[in-house]
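K.L.:
Now for the letters of each chain:
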Amino acid sequence: MKKTFKLRDLDCANCAAKMENAICKLDGVNSATVSFMTQKLTLDADDARFDEILQQAARICKKVEPDCTIVLP
Amino acid sequence: MTRKQKRMLIRIVTSGVLFGAAAVLPLSGWERLAAFLVPYAVIGWDVLWRAVRNIAHGQVFDENFLMALATVGALAIGEYPEAVFVMLFYQVGELFQSYAVDRSRKSIASLMDIRPDYANIETEDGLKQVDPEEVAVGDAIIIKAGERIPLDGVVLEGTSALDTAALTGESLPRQVQPGDDVISGCVNLTGLLKVQVTRAFEESTVSRILDLVENAGSRKARAEHFITRFARWYTPIVVLAAVALAVLPPLFTQVGWLDSIQRALNFLVVSCPCALVISVPLSFFGGIGGASRAGILVKGGNYLEVLAKTEIVVFDKTGTLTQGVFNVTAIHPDHCDEGQLLELAALAECASDHPISRSLLEAWGQIPDSSRVTQAEALSGRGVRAVIDGRVVCAGNDKLMEDIGVTWHPCHHVGTTVHVAADGVYLGHIVISDQVKLDAKQAITALKASGVRKTVMLTGDAKPVGEAVAAQLGLDEVHAQLLPADKVEQVEALLKQVSPKGALAFVGDGINDAPVLSRADVGVAMGALGSDAAIEAADIVLMDDKPSKLAQAIAIARRTLTIVRQNIVFALAVKLLVLVLSALGHANMWQAVFADVGVSVIAILNAMRAMSVPKNP
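Sequences listed follow chains A and B, in order.
Note that our numbering has the first sequence beginning at 30, numbered continuously upward.
Note that our numbering has the second sequence beginning at 2, numbered continuously upward.
In isolation and in its complexed conformation, chain A is listed as follows (with noise of 0.2 angstroms):
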């Protein structure tokens, strides 16, 4: 499954590289990025597990940027 969520807050564009690599390592993840210009996070993840990966994901952006949150739909 393949989501794309708005970023809130996301200032800092090497951040933003940092959390890419991050949540592209965490296990179940097939590609995400994060875009700074967009200010926004694109996650293809197992669909059996994405709410737990995002919640992940969350967590990795609040320890790179704490400002920083993931806007859920």
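Keep in mind that the hints were calculated from the coordinates and are not lab data.
Keep in mind that the hints are not guaranteed to be accurate.
[What the hints assert, rightly or not] Using 25 angstroms as the maximum straight-line C-alpha spacing, the simulated DSS-like pairs for lysine-lysine come out as follows:
| hint | chain 1 | residue 1 | chain 2 | residue 2 |
| --- | --- | --- | --- | --- |
| 1 | A | K35 | B | K7 |
| 2 | B | K107 | A | K35 |
| 3 | A | K35 | B | K195 |
| 4 | B | K455 | B | K497 |
| 5 | B | K107 | A | K32 |
| 6 | B | K5 | A | K91 |
| 7 | A | K92 | B | K5 |
| 8 | A | K32 | A | K91 |
| 9 | B | K195 | B | K145 |
| 10 | A | K31 | A | K54 |
[To be verified] Partner residues are not named here, just some residues of chain A that face chain B (Cβ under 7 angstroms, in silico):
| hint | residue |
| --- | --- |
| 11 | N43 |
| 12 | K92 |
| 13 | P95 |
| 14 | I99 |
Quick caveat: nothing in here was measured; it's all calculated off a predicted structure.
Note that CB positions come from ideal geometry on N, CA and C, so glycine has one too.
Starting from the known structure of chain A, fit chain B onto it as the hints suggest.
P.N.:
The following block gives chain B in isolation, referenced to the frame of chain A:
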């Protein structure tokens, strides 16, 4: 400016005033430190706080850490004004940076401002505005003059002119009348239109285009990957170098501890890779945004990169270089006048639904009186025979003429020739052919001028037809009578001729050539308004039917890459220079901050140029 940015501006001004006061007041010792600490705290508390917090999160080597370390270090060695000024300058730079990025984000978003807000549906109590997503296929919607068409559909009533500029970059309005297809995103300029919806909102042209442009950022160019990889190694290496710079010289040379620590701090400030990390994606983003304004949709930065090095361009013929519509191009009567010949041919063919018959009827332009035609009979692979006004008329190819024993003569015009004979007497022939697009020749010339080595045309048509078109347009190579599978083979053979640094682009109309589109280094689909297959299979979509847009796309791609290269070289050169200077003790902290923030700002300003579209070359 956002609220966050305004708050920062206030902080900068306050801190600047306090800094000025501290510099003027005749203080010394602890009092002086306290006076400078006030503006320092006002401007820098969040940087210090984030530095501490990020270290707690295991994110050590970031900008906040570097700035905190550098300024606290400066305070420790008694350089109070430097510490405050550096922090101030850094925040000004950051503010400017976020403002510039915000602005370019907005201007790109406004380029793609084609999302319709509402649709009008007719109800018992007049028109009602509803969300386009709520309208079902088959519903009728009303579009008033000045409104944007919310969903794809077919005109039921009304005539109007449509402004398609937002989708195609074409400034000439398009006329529509009942029966014509309209696509969402166009603006209705003059009349009232009643349209029957043919696609739901999620599948309408406007949604697909927005989706495509918004997702373009997720396919990153090689240069973008290079920068992120680079940044990952670069920062730790620089920090280690800074430590070495602080520790080693005092141990082995005459340089004092204070001096060497200061050099190391400068070194750290310079090291932030932000100029590259922001400006490279911004350039690609701008290039994609600018291209979409010209009616060229690019699915990702990586395709701009490939397109810029295009060496060989392969075109499909029908629908790409030619209009894909058959027209009567010549009428050569032998024993009657042109009108009579056309009338006989059209009447003979009037019962048939073949494209050739339709183009004959269209050229004749009258409604056939079927009572004049009797015993019409289609002769497969040959033509038709019919009795018209009591005469036996045969219309068809040379085989038909030979069958009925009429002597015919070939035509010097290239195309499909329809011979006409009545009661065994040859009356002449009509030539029907596909016409070359108006800008096709200009497209080939522009591609050649931009350095494309070879232009090739592939077609399923007969050899003479293909060769005539190729000669007319000045193409280098033509391969005719190809089946769709043969086209893939031809493209694979051509791919072997591409040099290691070059690329091959295939341009097609998306009908029957999806395999070739995906096989080429970069697949370009054109006239894609409404064609799903093309949007899916292609990497780049030319929204209108003009092949000349390809040269423009290549120009945009090259310009974007030039800007990216300028930024990489400029940022690295300045940083390297200041790194060396600070290692040798010749750079002060102000220069170091310029090498960080100043370079970022210049690189961002340069990157924003990628958004403006170069004119057709």
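K.L.:
Now tell me if each hint is right for this structure.
P.N.:
Each hint, compared with the structure:
Between K35 of chain A and K7 of chain B, the direct Cα distance comes to roughly 23 angstroms. Compliance with the 25 angstroms bound is thereby established for this hinted pair. Taking the CA atoms of K107 of chain B and K35 of chain A, the gap is about 16 angstroms. The hint holds against a cut of 25 angstroms. Between the alpha carbons of K35 of chain A and K195 of chain B the distance comes to roughly 37 angstroms, so the proposed pair goes past 25 angstroms and is violated. A threshold of 25 angstroms between alpha carbons decides the hint, and for K455 of chain B with K497 of chain B the separation of about 13 angstroms falls inside it, so the pair holds.
Restraint check for K107 of chain B and K32 of chain A: the C-alpha separation of about 23 angstroms stays at or below 25 angstroms, so the hint holds. In summary, the hint linking K5 of chain B to K91 of chain A is supported, as the alpha carbons are separated by about 19 angstroms, within the 25 angstroms threshold. A C-alpha spacing of about 21 angstroms is found between K92 of chain A and K5 of chain B, which places the hinted pair at or below 25 angstroms, so the restraint holds. Proposed proximity of K32 of chain A and K91 of chain A is supported: the alpha carbons are some 19 angstroms apart, at most 25 angstroms.
Our distance criterion of 25 angstroms between C-alpha atoms is met by K195 of chain B and K145 of chain B, whose separation comes to about 9 angstroms. For the hint pairing K31 of chain A with K54 of chain A, the CA-to-CA distance comes to about 16 angstroms; that is within 25 angstroms, so the pair holds. Checking N43 of chain A against chain B by beta carbon gives a least distance of about 5 angstroms; that is within 7 angstroms, so the hint holds. A hinted interface residue such as K92 of chain A counts as satisfied when its beta carbon comes closer than 7 angstroms to some beta carbon of chain B; here the least separation is about 5 angstroms, so the hint holds.
Taking 7 angstroms as the C-beta cut-off, the interface hint given for P95 of chain A holds, the closest approach to chain B being about 6 angstroms. The closest approach between the C-beta of I99 of chain A and any C-beta of chain B is roughly 16 angstroms, which is over the 7 angstroms cut-off, so the hint fails.
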